[in-house]
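**Student:** Here the sequence shown is numbered in the working numbering, starting from 1 and rising by one per residue.
Each statement offered as a hint is correct.
Straight-line distance between alpha carbons at most 30 Å, and here's what the computed DSSO-like set of lysine-lysine pairs gives:
id	residue 1	residue 2
1	Lys111	Lys273
2	Lys253	Lys220
3	Lys68	Lys168
4	Lys163	Lys273
5	Lys135	Lys22
6	Lys22	Lys220
7	Lys163	Lys111
8	Lys273	Lys168
9	Lys6	Lys22
10	Lys273	Lys253
11	Lys135	Lys253
12	Lys163	Lys68
13	Lys111	Lys168
14	Lys273	Lys110
15	Lys220	Lys273
16	Lys220	Lys6
17	Lys6	Lys273
18	Lys220	Lys135
19	Lys168	Lys110
20	Lys163	Lys110
21	Lys68	Lys111
22	Lys110	Lys68
In case anyone wonders, no lab produced these hints; they're calculated from the structure.
Computed from a prediction, not measured in an experiment: that's the story for all the values here.
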Amino acid sequence: MFRNFKGIGIVILFFVMLVFPKAVFSGASEGLLLWFQIVLPTLFPFLLISSLLVGTGNISLISSVTGKFLSLLFRVSPCGSFAVITGFLCGYPMGAKTAADMVVSGQITKKEGQYLLSFCNNTSPVFIMNFLVWKTLNREELMMPSLLILIISPVIVSFFTRKIYLGKHARFESPSVSAGCEKNSWSFREIDACIMNSFETLVNVGGYIMLFSVLLTIGKLIRIPIVTCLLPLLEMTNGIVLINRMALPFAVKYPALLGLTSFGGFCSVAQTKCMVQDAGLPVLPYITEKLAAALTASILGVLYLHLS
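Input sequences plus hints: build the corresponding full structure.
**Tutor:** See the structure below:
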């Protein structure tokens, strides 16, 4: 039955795209430009270097410095601490890809991969500062509050999800020394494989950005209030712009923007699903956990505006 509904939905979308070719072209063009001008130059260097670090096992050089603190705070293994770093600093879908790659390579357990996915796949601080605060809100006084709220929200979620995934254990441990962070070797063949893997990831991300940009552009043509309200959830960047243009009081708009930025939109969910499917990490708990982080961010935004 569900398969039939999916098939009907695809057929309807096909005919809608035939009826509105201009909207399809406009949405695809916007998505392509977003990918080419922002996502590609921003993500590719981090994708390549993180793939090299995971593939060669040299994340031990980073985990030896940050592993103890992050293991104490998040109860992750030394290798898992690297996913925390990439997830909070590099943006979608770096945290998810790093965790999935380490599960596949045997450097962390699947259970730890699920736990990492619950809180370390987030919007990058650069995006928050440049796009959300400076370009969209144009209010520099909201820089630090926005950064702190969007960093603290997934951290708060992690204190609840660790009870689910960690159980009675004190912290996660790497499966074994041989499968852990101690390979420390590389070759040009390894670099070639990491480059191809990075480009494959970027092509997948770009495809989803274009698809959701098309859906969002078509959705704008539907003048139904509930559809208009739900459109920002499709894709984060365009969704932030849509919310900012809505005739809403700032006391409502700011928490809504924080919530969407924390959630990332369903486009980032699709990207994440693509990154983690080889590792066998389920995406439904991830959606629930991201919604929890979004709710937390919105509540903290309301509290900040009330107290400031």
